[in-house]
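Protein chains in written order, with the UniProt record's numbering: chain W, 21 to 338; chain S, 21 to 338.
Hints were generated in silico from the structure; no laboratory data involved.
Glycine is no exception: its CB is placed at the ideal position from the N, C-alpha and C atoms.
Be careful, since some hints might not be right.
Stated by the list, open to error - Reference listing, derived: stretches of chain W covered by chain S, where coverage requires no fewer than 3 residues with Cβ under 8 Å from a Cβ of chain S:
1. 28-40
2. 113-119
3. 262-271
4. 310-319
Unchecked claim - Beta-carbon label-pair distances, calculated as ranges:
5. Leu199/S x Glu183/W: 31 to 39 Å
6. Ser244/W x Glu63/S: 51 to 59 Å
7. Ala133/S x Asn22/W: 33 to 41 Å
Protein chains: 2
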Amino acid sequence: KNTEAQAGAEARNGQLTKPPGALGRLEDLAIWYASWRGTDRPEMKAPQVIIFAGNHGVCAQGVSAFPPEVTVQMVANFEHGGAAINQLSKAFGAKMDVHALDLDTPTADFTQAPAMTEEEVVAALQTGWNAVDPNADVLVTGEMGIGNTTSAAAVAAAVFGGEAGDWTGRGTGVDDAGLSRKTDVVARGLALHADAIKDPLQALRCLGGRELAAMAGAIAAARSCSIPVILDGFICSAAAASLHAAQDGALDHVVAGHLSAEGAHANILSNLGKDPLLSLGLRLGEGSGAALALGVLKGAIACHSGMATFAEAGVADG
Amino acid sequence: KNTEAQAGAEARNGQLTKPPGALGRLEDLAIWYASWRGTDRPEMKAPQVIIFAGNHGVCAQGVSAFPPEVTVQMVANFEHGGAAINQLSKAFGAKMDVHALDLDTPTADFTQAPAMTEEEVVAALQTGWNAVDPNADVLVTGEMGIGNTTSAAAVAAAVFGGEAGDWTGRGTGVDDAGLSRKTDVVARGLALHADAIKDPLQALRCLGGRELAAMAGAIAAARSCSIPVILDGFICSAAAASLHAAQDGALDHVVAGHLSAEGAHANILSNLGKDPLLSLGLRLGEGSGAALALGVLKGAIACHSGMATFAEAGVADG
Chain W
21 KNTEAQAGAE
31 ARNGQLTKPP
41 GALGRLEDLA
51 IWYASWRGTD
61 RPEMKAPQVI
71 IFAGNHGVCA
81 QGVSAFPPEV
91 TVQMVANFEH
101 GGAAINQLSK
111 AFGAKMDVHA
121 LDLDTPTADF
131 TQAPAMTEEE
141 VVAALQTGWN
151 AVDPNADVLV
161 TGEMGIGNTT
171 SAAAVAAAVF
181 GGEAGDWTGR
191 GTGVDDAGLS
201 RKTDVVARGL
211 ALHADAIKDP
221 LQALRCLGGR
231 ELAAMAGAIA
241 AARSCSIPVI
251 LDGFICSAAA
261 ASLHAAQDGA
271 LDHVVAGHLS
281 AEGAHANILS
291 NLGKDPLLSL
301 GLRLGEGSGA
311 ALALGVLKGA
321 IACHSGMATF
331 AEAGVADG
Chain S
21 KNTEAQAGAE
31 ARNGQLTKPP
41 GALGRLEDLA
51 IWYASWRGTD
61 RPEMKAPQVI
71 IFAGNHGVCA
81 QGVSAFPPEV
91 TVQMVANFEH
101 GGAAINQLSK
111 AFGAKMDVHA
121 LDLDTPTADF
131 TQAPAMTEEE
141 VVAALQTGWN
151 AVDPNADVLV
161 TGEMGIGNTT
171 SAAAVAAAVF
181 GGEAGDWTGR
191 GTGVDDAGLS
201 RKTDVVARGL
211 ALHADAIKDP
221 LQALRCLGGR
231 ELAAMAGAIA
241 AARSCSIPVI
251 LDGFICSAAA
261 ASLHAAQDGA
271 LDHVVAGHLS
281 AEGAHANILS
291 NLGKDPLLSL
301 GLRLGEGSGA
311 ALALGVLKGA
321 IACHSGMATF
331 AEAGVADG
């Protein structure tokens, strides 16, 4: 974060041909973006969307409305351009990359054992770290992984506390019996790993999944390159929460793209102190809500960097 | 509205590679758009943004934080590409047109006389009607007119009832004394024209402005061409409200682009039964909030018309 660029952007914002504050959150968003890009008049020309996919041993407990083979089928759909995130990436000019993480080797069922070994979680974090293009100027991380709302609920509960039921929702659409099973599964995972998961990165290892760890790695890498990040929904936010819990301020380069329909997402965002840009009832994952928010960020930056000042336009400033 | 296209779009939506409902409001938006464009798989390639500008006799009452000459100065800014709406139109691929309506002849001060004669309001409605490009596939109407939140508040109060204070806000930023003056001005206008304004189009004539009438004309013309419309903020919504009050269903081809920070906008939208797509604290006018919502609509249509079906992608549908 560049405080000089931030001050320059704030000064510029005050001179643009509009009443003070009339662009609302677009003004804050443009100034925040300028501060991370190190210039008072930034552009956004190279958005990157990265989708990480992983499989989850906990699916054996019957926590999802979809069978686990859908993960690899959807990866093929991403690669062939057929998913929602393909359309949204194209609509907002983003490069899209897909990383499937050992889909043939699901994580361990976290009600029986830690989801990942130390080696596995480190490998997933590294995959995420290395997936970030240092020349990108904004990053969206998305995911695909049947069973991963269960994993995300467990990670959020570990990081923020509370009961399993506070964090567990319907995901892709389980019925009441499924929700009850899922909540019980989360509670059993929290109990089994109670000691280890006091450390948020151990929570990611014991309860998370490869795609969650990869998103965390990518978000951390973006920070090291001063690339602003837009959070997607519940699973992405749970992965980010592990960074937030591990180090205060770790998400200063991050905005919340949208509020998901997955019930506990609001609770995660509130704990992260992030106000979502959009609230349109999405609950798809894949980075879809964040990619949609690229449009808002694009508009904010276009106004900030493209508008005339009062002096340039010869407009009286009230 | 084409019910066959709507049914086709609903059927298509149910086959796309996502859990049912997982794209939230994007799904409804795409189906609504398809129904107006008459095809189950629509595209959005020709957005039109039209800015109408007018001056207001009621400015003599000290209702704005800005002097009236800012209207013509901002029209020059639109024409030279320096305003927020220029950047947003460009960012979302919209053609932008500007119509300045008799800026040298402000409307009459509505606390003294009807703002417009019959001839004047008809001319403004026609300007709006004729400004719509029949080949556009979505329309944003925006406005510029120092004093026009006062006019819009009066029109909204006339159309929906209630007290002047329920509809009057700070506009571009008047202080407490200005707000009190403005509320009194609205109340006096409502009292003076109490009989005539029982008819919503007479409310537009007696209390509105040329740019409000032009927006109403453009929104009506769009309906006749099956062009969906995105409403902007308080002033645009007040203009649209006169159509809604004049004829039930007159705004079926319209969505609310955003919720403005102008306090009474929420009240107008609630009376219109429209749920805004965005809520980012904008209060600029110029069509800015609606233009930003073009991004949401673009994303919705891209997903609906571009995604693969379960069958096409070979994905199990749960």
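(request) Find the hints from earlier in the document that the structure breaks and name them by number, from lowest to highest. (result) Violated hints: 2, 3, 5, 6 and 7; rest satisfied.
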